[in-house]
Amino acid sequence: MDTPISSSPLASCHAELGARMINFGGWNLPVEYTGLLLEHQATRQAAGLFDISHMGQIKAQGAGALAALESLLTNDPAKLRTGEGHYTFLTNDQGGVIDDLLLYRLGPEDFLLVVNASRHEEDLRVLRKAQNNRALFQGDPGTKAGMALQGPRAEAILAQLLPAGETSPMRNTLIESKLLGIPATIARTGYTGEDGFEIFTSLEDGPKIWRALLEKGKPMGILPCGLGARDSLRLEAGLPLNGQDLSPEITPIEAGLGFFVDLSRPRPFPGRAQLEQAKKNGARRTTIGLVGQPKQAPPRHGYPVFHNGNQIGEITSGVPSPTLGYGVALALITTPAPACGQDLEFEVRGRRVPAKVSPRKFLLKK
Amino acid sequence: MNTPTDLLYAKTHEWLRQGKEGGTVGITDYAQSALGDVVFVELPKTGRKVTAGEVIATVESVKAASDIYAPVTGEITETNPTLSADPGLINREPYESGWLFRIQADAGKNHALLSASDYSATLSS
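Chains as they are written, first to last, in this note's numbering: chain F, 24 to 389; chain W, 7 to 131.
One chain only, chain F, in its complex shape:
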């Protein structure tokens, strides 16, 4: 079945910049501008600007919104104060991950869900079906222009577009403000392991803000960044990718993200019993970090992983780390998992390559 390809509202900007475009989850998006390595380094050392217009937005508004979300998501939405956000999961009845998302509270019964493009329609279907209340959840794909400004200089760059005297939002909070006088939703979050912001604005105003951020950031070393750098940056930070490290067949506990499953509250949510069981007694599988060595074949998605000669699982995401100079990967393996520092192997084109178990945050925090 052919899915129609959606064009980003920032497509004209990408064309000006000579980006190489690819189809990503039904969206035509830049994979690279000046080169993945340069873009990766710019984000770690200065700033990177990413098109995230494909990220879905779903609003949950009206009486019953909080109760509905409490009965559907693994992290407790009642913990959020207005303006705050957190990472959470929408799970199926087995506790598997339908989607991982950021939930922001905009008011007592007013929430914003920022979801994965590829899961957006499915999320809406699941949310609406579970509640039997279609009106509560609104938000079709492709209604906003979105961009992520990431890196140690992100705050300094953003400050130049904010109204005079206005400060940028704190970590994991969201504000409604203006950039260049244009209304914008700004959240301090990201997917790179760096400080930064996700900015959403209207489709028609997106290109103005995109161009202004690049212009203001130029003296500080900003680069526009594609999906290639986005993937290597998130993996160095140990952040999961939906569809690889997370899926309906993988629970948050197995992904090593049990922190975002809050069992301290009474209300049930889909798969709660399974997740509770797994948290108490341990899951059958877990996700470990794996590091390779310089000058060795890098780990990649799907490669089998061995410990003491026995296959114990496979790599869900892997990349030659531009920052570290060796391969880093997430691997889903059977428990009990070997401890950090223990020797492993992964198989590349029929050959075994040495590796070690590592913390999943591959970069030491500065």
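None of these hints come from the bench; they were simulated from the model.
Values in this document were obtained by computation on a predicted structure and should not be read as measured data.
A virtual CB, placed ideally from N, CA and C, is assigned to each residue, including glycine.
Just to be clear, a hint being listed does not mean it is correct.
Stated by the list, open to error - These stretches of chain F come out as covered by chain W in the derived footprint (C-beta under 8 Å, 3 or more residues):
#1 59-68
#2 310-324
#3 341-347
To be verified - As a list, the in silico DSS-like pairs of lysine-lysine whose alpha-carbon atoms are at most 30 Å apart:
#4 W:55 x F:318
#5 F:102 x F:303
#6 W:26 x W:55
#7 W:26 x W:51
#8 W:51 x F:379
#9 W:51 x F:318
#10 F:82 x F:201
Unchecked claim - Distance ranges between label pairs, derived from CB positions:
#11 F:130 x W:61: 52 to 60 Å
#12 W:126 x F:333: 47 to 55 Å
#13 W:70 x F:364: 25 to 33 Å
#14 F:194 x W:51: 50 to 58 Å
Chain W: place on chain F using the hints.
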């Protein structure tokens, strides 16, 4: 894209230069550009007999691993020793110091390789 006219090309983006030392093989400017910064190269063993179209090497960028096919049937006589220390040569000089391996093609075999203009035509379609 730079596509020198004195080389032969495979549809799978390898080039072949015929010389006194046998055939030298690398990947095209188009291929290195599409792949991005090369970080790892796996080359065939010297002395290996290979068949045209067989996967015999791998070039990896941060983005992806890409298979390299033997452009002709023959025997591997040499591999580029500098690539393991500096795989980025493939990006910087794809037709010169970024070559991958040398191959002695079997005599009498017909090899369906393309001219520079025919190869370039496959890129624009």
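ask   = Where does the structure disagree with the numbered hints, that is, which hint numbers, in rising order?
value = Checked against the structure, no hint fails, so every one of them is satisfied.
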